[in-house]
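Asks: The primary structure of each chain is shown beneath.
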Amino acid sequence: MKTIKTAWLYHDIMDLYGDKGNMMVLKKRCEDRDIAFSLDTIGIGQSADLAEYDLVFLGGGADKEQMSLIPDLLFRKENIKKALSENTFFLLICGGYQLFGQYYEAADHTRIEGLGIYPYYTSTGESGSRCIGNIVLDGQLDDLKTKIIGFENHGGQTHGVDHPLGKVLAGAGNHFNAGFEGFYDGHVLGTYLHGPLLPKNPEVADFVIAKALSKKDPDFNWKSLKPLDDTWENRARKPLLKRLINEES
Amino acid sequence: MKALSIAAVQASRAILTRFGRGGSLPGEIGLKLDKNIFSKLKINAPVILVTGTNGKTSTANLITSMFEMAGYLTISNRKGDNLKAGIATALLGGANLGGKIKADAVVLEVDELNVRHVLPYLPVSALVVTNFFRDQLDRAREMEQLIESIESVLPAYTGTLILNGNDPNTVRLKAKAPNASVLYYGLEKNAYSKTETSEASEGKFCPNCGHRLGYEYYQYSHIGSFYCDGCGFSTPRLDTALYDIDLKTRTFWCNGLKYRDPYHGLYSMYNCAALLCTASCFHIEERFVREVLLHAPQPAGRNERFLINDIPVILNLIKNPTGANEVMKVIETDETPKNIVIVLNDHEQDGRDVSWIYDTFFEKVLGPNTGKIVAAGTRAADMALRIYYEGWQDELKIADSIEQAVEECLEKGRTLYVIATYTALLDSRNAILKEKQA
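So the sequence lines, in the order shown, correspond to chains A and B.
Offset between the first sequence (1-based) and our numbering: plus 130.
Residue 73 in our numbering is what sits at position 80 of the second sequence, and the numbering runs on without skipping anything.
Treat the hints as calculated values from the structure; they're not laboratory data.
Each residue gets a CB set at the ideal place from its N, CA and C atoms; glycine is no exception.
Be aware that one or more of the hints could be misleading.
Stated by the list, open to error - Listing some non-contacts, in silico: residues in chain A with all C-beta distances to chain B over 10 Å:
1. D164
2. Q176
3. S198
4. R206
5. L214
6. E235
7. T240
8. I247
9. Y251
10. D268
11. D273
12. L274
13. G316
14. P326
15. K346
Stated by the list, open to error - Below 27 Å or equal to it, Euclidean Cα-Cα: the simulated DSS-like pairs (lysine-lysine) are:
16. A:K194 / A:K297
17. B:K33 / B:K95
18. A:K356 / B:K390
19. A:K158 / B:K365
Build the full structure now, drawing on both the sequences and the hints.
Replies: Next up, the structure:
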């Protein structure tokens, strides 16, 4: 039996906007295929070797709460680099995405140091403005092309992204009028998309599952997964694609 | 100018009322003519503002009824909205042309983000704060910014703060109001208190020093008995404390007397506690409080009950994870067979972001006594998907309309629970009433 060992970092702090729904989706889609899915939560001060995990998830939090975990996160920097080099896959939403860059600027203009793993950086929206609303991307994940639907709600304006997750079809993206959203480079999927991300994007969910499995089995890819019945997912996608990009199915 | 704006409001109010409309339009007109209209009113009566995320409507209504019962001529925005314009409409409706308000008490429910536009401009005697939770975050931004907007007008405030002593987010307000006096209300440890919680929780860090907060016990969500090891910030001594709480009989005790909660659930006991605390602040006789609790009307969409061909139908509003979780808990305690309609809209007032349904414990109502679930509303399919991912194996449907959903779920021998978001509430109510007449 295949297994996916998942670490959910700071689950008790970075859980804004229903992001826990992402874990619910991964678990069900694994179990429906007889893939064992285990989930460990890792809080501040808890020792863990992230390189032992197939998948690491980090969600978003409120500015003030997010600040409290920075020292702990920076302390894990070398371990995160080790995990990345050993092909642990990272799924990062909102605050988690920002923290893998150089820095982010909170709404009160405090500059918070990030892990600096990637060159991108995040400034704050002019006079408190935020990118808020439904969003659709033309996503590109390796050889998987899929429309990604979500809800963005971020003051942070992320610049300097060299590998975006997708082209924006409706909404703002990494910053106002960005044209592109998120980050994907084969090891890390970072995005501002809530909704949560995975329930309405089953192809992205399966892609993440395949990436996690490929740590132990390098030949495994998303096409290796047994297809599931995505009736309910597609029923939720259809009206939004119609509403947001006027797509007829 | 003053007389003109007040006259304009009164004229438009009279006309709109004749045509069956009230709302906040008269106040909007008044504010357009004179944006400082609040400061120009002469009020010689206690002014009580009620704000917070959940329970402010019920609490403001209870307090209004208490003053009325005690013989005070009371002005309230019970029938209007809780934004600046609705408040102006209520106040100006009770003013003469000189701007003098004819009332013995003024009770106003105020939207959290509007407190800063109202509090500094009225002679407020008491500010009642129920709690702060995540609520429609895409509109209100993060809760922290919302609390800070209230804190920004507290330094000059000289009235009384009537605060939920079990919510760190309301207790923190006192530190910003050095000139105000304070009364705390809350619930003592009871049979429903828990030492652990998995509910969406705001009170993780001390608002004073940022240290992680500890809890002796939780009542629900982050409401409970908290303490900070870093700076000593903690649940204060409660001036009004409810004890011996029994949710089955909906009874509680306070100061040696037993009362019955007109509503359901632990969260609604906090509204009763706020009422009792306000009564003691204004020295209202106990018998009037008792009278109010005995005869409080069921507000629309708060466990509102209907009977259609012997089938009980219960309508509930849900607007954020915490409120929704409390509704789920009440439904969970009903062990009779049931069907469930969930109406999820994503208009501005519902919150355009529907992510919050994943912070809500819908699994609580998916027990063996639940027959079928039908989703409706502008995001019906998102709701169905949420239920599907909870592992629900039985009948699940998406209806084209609320009427269809209600019709589909009316079944002899099963209670029908209708759960609706803000903008779907009225339509859901109408759909139920339509079935009643059919």
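Asks: Against the structure, test the hints numbered earlier, and report the numbers of the ones violated in rising order.
Replies: As far as the earlier hints go, 3, 14, 16 are violated by this structure, in ascending order.
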